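Number of protein chains: 6
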Amino acid sequence: MTQIRVINPNTARAMTESIGRCARAVAAPATRIVAVNPAMGPASIESHYDEAMAVPGVLAEVADGEADGADGYVIACFGDPGLDAARELARGPVVGIAEAAMHAATLVGRGFSVVTTLSRTAGRAWDLAARYGFRDACRAVHACDIPVLELDAPGSGAREVVTRLCATALERDGSDSVVLGCAGMAGFCAEISAELGAPVIDGVAAATKLVESLVALGLRTGKRNEYAPPIPKPYTGLLADWAPAM
Amino acid sequence: MTQIRVINPNTARAMTESIGRCARAVAAPATRIVAVNPAMGPASIESHYDEAMAVPGVLAEVADGEADGADGYVIACFGDPGLDAARELARGPVVGIAEAAMHAATLVGRGFSVVTTLSRTAGRAWDLAARYGFRDACRAVHACDIPVLELDAPGSGAREVVTRLCATALERDGSDSVVLGCAGMAGFCAEISAELGAPVIDGVAAATKLVESLVALGLRTGKRNEYAPPIPKPYTGLLADWAPAM
Amino acid sequence: MTQIRVINPNTARAMTESIGRCARAVAAPATRIVAVNPAMGPASIESHYDEAMAVPGVLAEVADGEADGADGYVIACFGDPGLDAARELARGPVVGIAEAAMHAATLVGRGFSVVTTLSRTAGRAWDLAARYGFRDACRAVHACDIPVLELDAPGSGAREVVTRLCATALERDGSDSVVLGCAGMAGFCAEISAELGAPVIDGVAAATKLVESLVALGLRTGKRNEYAPPIPKPYTGLLADWAPAM
Amino acid sequence: MTQIRVINPNTARAMTESIGRCARAVAAPATRIVAVNPAMGPASIESHYDEAMAVPGVLAEVADGEADGADGYVIACFGDPGLDAARELARGPVVGIAEAAMHAATLVGRGFSVVTTLSRTAGRAWDLAARYGFRDACRAVHACDIPVLELDAPGSGAREVVTRLCATALERDGSDSVVLGCAGMAGFCAEISAELGAPVIDGVAAATKLVESLVALGLRTGKRNEYAPPIPKPYTGLLADWAPAM
Amino acid sequence: MTQIRVINPNTARAMTESIGRCARAVAAPATRIVAVNPAMGPASIESHYDEAMAVPGVLAEVADGEADGADGYVIACFGDPGLDAARELARGPVVGIAEAAMHAATLVGRGFSVVTTLSRTAGRAWDLAARYGFRDACRAVHACDIPVLELDAPGSGAREVVTRLCATALERDGSDSVVLGCAGMAGFCAEISAELGAPVIDGVAAATKLVESLVALGLRTGKRNEYAPPIPKPYTGLLADWAPAM
Amino acid sequence: MTQIRVINPNTARAMTESIGRCARAVAAPATRIVAVNPAMGPASIESHYDEAMAVPGVLAEVADGEADGADGYVIACFGDPGLDAARELARGPVVGIAEAAMHAATLVGRGFSVVTTLSRTAGRAWDLAARYGFRDACRAVHACDIPVLELDAPGSGAREVVTRLCATALERDGSDSVVLGCAGMAGFCAEISAELGAPVIDGVAAATKLVESLVALGLRTGKRNEYAPPIPKPYTGLLADWAPAM
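Chains as they are written, first to last, in the numbering used here: chain A, 3 to 248; chain B, 3 to 248; chain C, 3 to 248; chain D, 3 to 248; chain E, 3 to 248; chain F, 3 to 248.
In case anyone wonders, no lab produced these hints; they're calculated from the structure.
The structure displayed is predicted, hence computed values, not measured ones.
The reader is advised that the hints may include incorrect statements.
[To be verified] Listed next, the stretches of chain B that the computed footprint assigns to chain A, with coverage defined by at least 3 CB atoms under 8 Å from CB atoms of chain A:
1) 95-102
2) 175-182
3) 201-207
[What the hints assert, rightly or not] Mimicking EDC-like on lysine to aspartate or glutamate, the simulated pairs with C-alpha atoms at most 16 Å apart in a straight line are:
4) K225/A x E197/B
5) K225/E x E173/D
6) K235/A x E152/D
7) K235/F x E152/E
8) K235/C x E152/B
9) K235/B x E152/C
10) K225/C x E197/F
11) K225/B x E197/A
12) K235/D x E173/A
13) K225/D x E197/E
14) K225/F x E197/C
15) K225/C x D175/F
16) K235/E x E152/F
17) K225/F x E173/C
18) K225/A x E173/B
19) K225/C x E173/F
20) K225/D x E173/E
21) K225/F x D175/C
22) K225/E x D175/D
23) K225/D x D175/E
24) K225/B x E152/A
25) K225/A x D175/B
26) K225/E x E197/D
Built from N, CA and C at the ideal position, the CB exists for glycine as well.
Chain A extracted, bound-state conformation (with noise of 0.2 Å):
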């Protein structure tokens, strides 16, 4: 049994839910999906403010994890918050779902489009397409404006406009395919895919089938140097808990 813990990194425990039932979906009968989310952090996240707050969360349920025995681990928010210190902190595989959405991205065409939530968060989407190697892959970052939390709303027919985004993004970008640059959208993945007739790109599934693989391959985070466990040391104050263990 393979036990990969997906973390949201915000405290929407809805959102959560919805990331779980998206990943079970793909996961292969022997993994087990633990879907977590933290106690204490951020209610979405939709800055770099929000994401550096949300980093102290996901890395106690990493911390948990590896207590737990967690084979692996998928980082659930677009802007991969924490990842390199999940890297150092975790003895299986970490990987992000933007990192996965582009990965699979590139494997099923050249270029891909990412449809996102508010405007101010293409920046981190183009720093992230540029630290794992996509930024020609990565034709443009579509906004469409509806905060994290209104995704599924009901009645606020976000799954309409996401839709219609992702169908002008594959128009004007002449991408293979789109990415889906928020886990609050991984439930609309497979019904936009279905009507636009192009791969539609959700990282929470595509992180679970990536760390799955991983695990089966027998490949961890490389542990020489940079990824090495965090040096033990003392944290002092609010996060003096944090401190890595000796």
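Please build the complex by placing chains B, C, D, E and F on the supplied structure of chain A, with the hints as guidance.
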């Protein structure tokens, strides 16, 4: 049941069997691996010329796979020969082993080294790294200068040579992992990894899991434009049977 | 007397003749142009698949050229099919027409636009621009969506369509020149250039002059490593005759 | 009077004082340097994990600075932790010391070498160089492998080790200058520079002058989009007080 | 007292005075601005040719500055003419205004737009952005197509045209700031910035502060190699007096 | 008859003659080579300063060439001084020898090494490689540290030193060819190439053939925008005669 056709682009039957074993070793229970090689073409692939001449055979195997209901394909030569053409031809996803190994490497660390057979193939490895977005992540390409078909010759000492080169590469390049640059090295992977205590990546296994993942995710090559099926037209002479069907 | 073998990679004899005329129109008096096309393969090249399947025929023509004492080669299809393999095979220089046209364009201005046939071929043009170092110089790739073999159909109006697209490209992209993205457009070059008052570049002519220049300079492909002659080895089946000679 | 808040992201009070001295040594007479460190978080920053866990403290210091009327901020750790988030939070400019040192280095020469503490931090330095546009200008990152808090230990010989490494770096990399890769090395800067007869750059001093300059120029972070203030929303648990104010 | 020599590379005296005023407006009390222009060369710089022909005059001004004890230099034309040569000649730091403006822009946001005079100068702006590492940060270069010397012609309406173009640029490019692409626009900066509510950057002011900062930091151009003083040797003819002194 | 003006940017008459010989040795029978050097400027070019000060003389030679009916130009110094300005001035094509040599090198292999005179000029070589698109193809720049004017001093042993450095470069860089980084090395080219059995490229010869080719192709610098003739305007003082004609 997911059927993945793992195509060894050369005609070395023993290598096809070894490749099949490596794929099966990591495949999910519900995956059927069909390991094949063309009935035509080069005995091994060690030049641009060999690679180009292997492509018709690879594409014939893809066409057979389509007839046979294959859900996805692995191209099991580190030059990823015919990858773009195969993506046009196949309904399901197609992944090359260089592509897969490099993707996997960037998920378990920042930088990787490639250890390959002949030094003349390094240019192709760099081309592929650049094409896939991993030019910066790829730190160096090292050649052991053992011909492909001698890798598993009894008493060749190939495994030892490759192991030493992997160790040197990790040290010199400051890499987090090593990518094995030939399908003929697939059988060495687990042992070298265990010996070095660092991720060593075999593209055959990695590609098998990536194709499996894409199939599970319902992701196929985007067909809107560049990767649409080849346009039907007449082909002449020796390769007339390869003409794209109407 | 310098002999340049200009290889049209498709089997369209009329196109070969037109290509030969364009090469002869710019060749030096002491240059003999031998314009050929394979006896096998696709009638036209409009996909990665067509391109891959044209390569064995191209390489057969290179082998014939070697037997015939050719001093250099032009590969006269804008995808530059088989270029690396041909460089291994040939003693003299080999230049592709996309390569030649892009080189020439960067000598007469900072940025160029490509005007090509089908939009599905744009990805290949971008790949080549990146491979040759001209990713920044290449401003855009525009498709007229006229199939290759209809370019010279009487009454097709192809020349007018291509001319208008060149004008639009110069305007929109702020380019200094236009590169014609198909050997089938070679015959349009002079007229479009005259009409637009801007450099319009046909790769067939450009490659002919570049090969002539390299021969005059005594420059051949470096053979120390990557482009050494293919290693002799057995090939099986339909392509057995292509086996690299001992 | 310009008030610049120089934030040492770790909790080492002695280091904060040394950083404050280095900033004051170069500040204009009309500049008031307020050197602070968080009341919480890691004692030193030597991993992605430490860095991530230092960010809440850094952002608390920025919030305090806003209340206190700070005109600009220096983030005085070579990983530039929390820089993007701080830019959202602050009205005035925010500059990281890696950022500042690299900018300064490219103004006094073509290429620079970084001399840092632990080799595991080199990846972060490369990330930042790439993010700031200096991937080509950054020639190499060298680690002295002395922990941050031992840099100023009496009798540690750290200054000599760092000096020798700077000399080696200049020689080996053909660089025009050396960037010191840790705020804890700030005190070494003048002496090493004098000894080597080449520009040696301390990011604390450089960032202080850059912030001062931006303030004098009336330049603040652009707030139209990505760097707009964080959207007010509830935060939960331990970090509830960090919730962006309405 | 720090002496900064601000060199207007063209011979337009009125422009030199305006440039001097802009530099003095931001300089520290202890800084003396010496604004000069060559006695020779082009009346304005609007082509590569003008720029090249302005360089001897610029370098004569640097030589005079050296004799006069200048501590640093600003080259106040957006093509940064003669920058590398001036760095060889001067003991103190030399900064170009395109360089300074682009550096400042990347400190107050992710992306910037350039608004320049004639569209024919855009290529040079892109060259400089690439050279300084800001090719990705530079989103677009927009030309108002007003000649340099008409920028301050009474009744020209230039300020309004430039303001509108800045507004359009911010909107269209999603930039965080605008860089003014001509020293002749320096006087517009404060008003445009106030009107648009976004950072608008004048390179003259920015370069003045950067040179002041480098001087305060004790940083001069590295002289170990590329920027060592020019090798003494004879020069002939009209420019004989420019021969590097022994 | 095609007239190509080969401009040696320094004032060393003997070097001009040697350059003329090298150009004539490869020129077509119908090409007339006019080898000239300015009557003014530096005796040799070994710094950014020398290079900048050589440009007025180069441009005077281009102006004379225009009056004399030159069909194209070679700028025969490896820094390609004044290239952009010359392209504005000339009706026909202008090619620099660094540009030509690098273009030729990428046509005969994947990677090349540059062997140049003084190490201080390496930065310029890298700048040009980047500008022309060959940053990846250029593997390394090696300096022999022999001054330009001593290259052909009898008994200097320069040829032997350069030959050894070429051999080392090929070996160490894994390059396919070597580019000679100074017009003063043109005379060594054939012998070194013969001795090493690898392509060794002299930019003077390469540029001559490229200009000849562009003329034969009817290709001139695009004049729509950046490279339009310099705008007529007054120039003052010593360089008043250089003012662009109305």
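Consistency of the hints with the structure:
no. : hint            : verdict
1   : 95-102          : holds (count 3)
2   : 175-182         : holds (count 4)
3   : 201-207         : holds (count 3)
4   : K225/A x E197/B : holds, 14 Å
5   : K225/E x E173/D : holds, 13 Å
6   : K235/A x E152/D : holds, 13 Å
7   : K235/F x E152/E : holds, 13 Å
8   : K235/C x E152/B : holds, 13 Å
9   : K235/B x E152/C : holds, 13 Å
10  : K225/C x E197/F : holds, 14 Å
11  : K225/B x E197/A : holds, 14 Å
12  : K235/D x E173/A : violated, 35 Å
13  : K225/D x E197/E : holds, 14 Å
14  : K225/F x E197/C : holds, 14 Å
15  : K225/C x D175/F : holds, 15 Å
16  : K235/E x E152/F : holds, 13 Å
17  : K225/F x E173/C : holds, 13 Å
18  : K225/A x E173/B : holds, 13 Å
19  : K225/C x E173/F : holds, 13 Å
20  : K225/D x E173/E : holds, 13 Å
21  : K225/F x D175/C : holds, 15 Å
22  : K225/E x D175/D : holds, 15 Å
23  : K225/D x D175/E : holds, 15 Å
24  : K225/B x E152/A : violated, 32 Å
25  : K225/A x D175/B : holds, 15 Å
26  : K225/E x E197/D : holds, 14 Å
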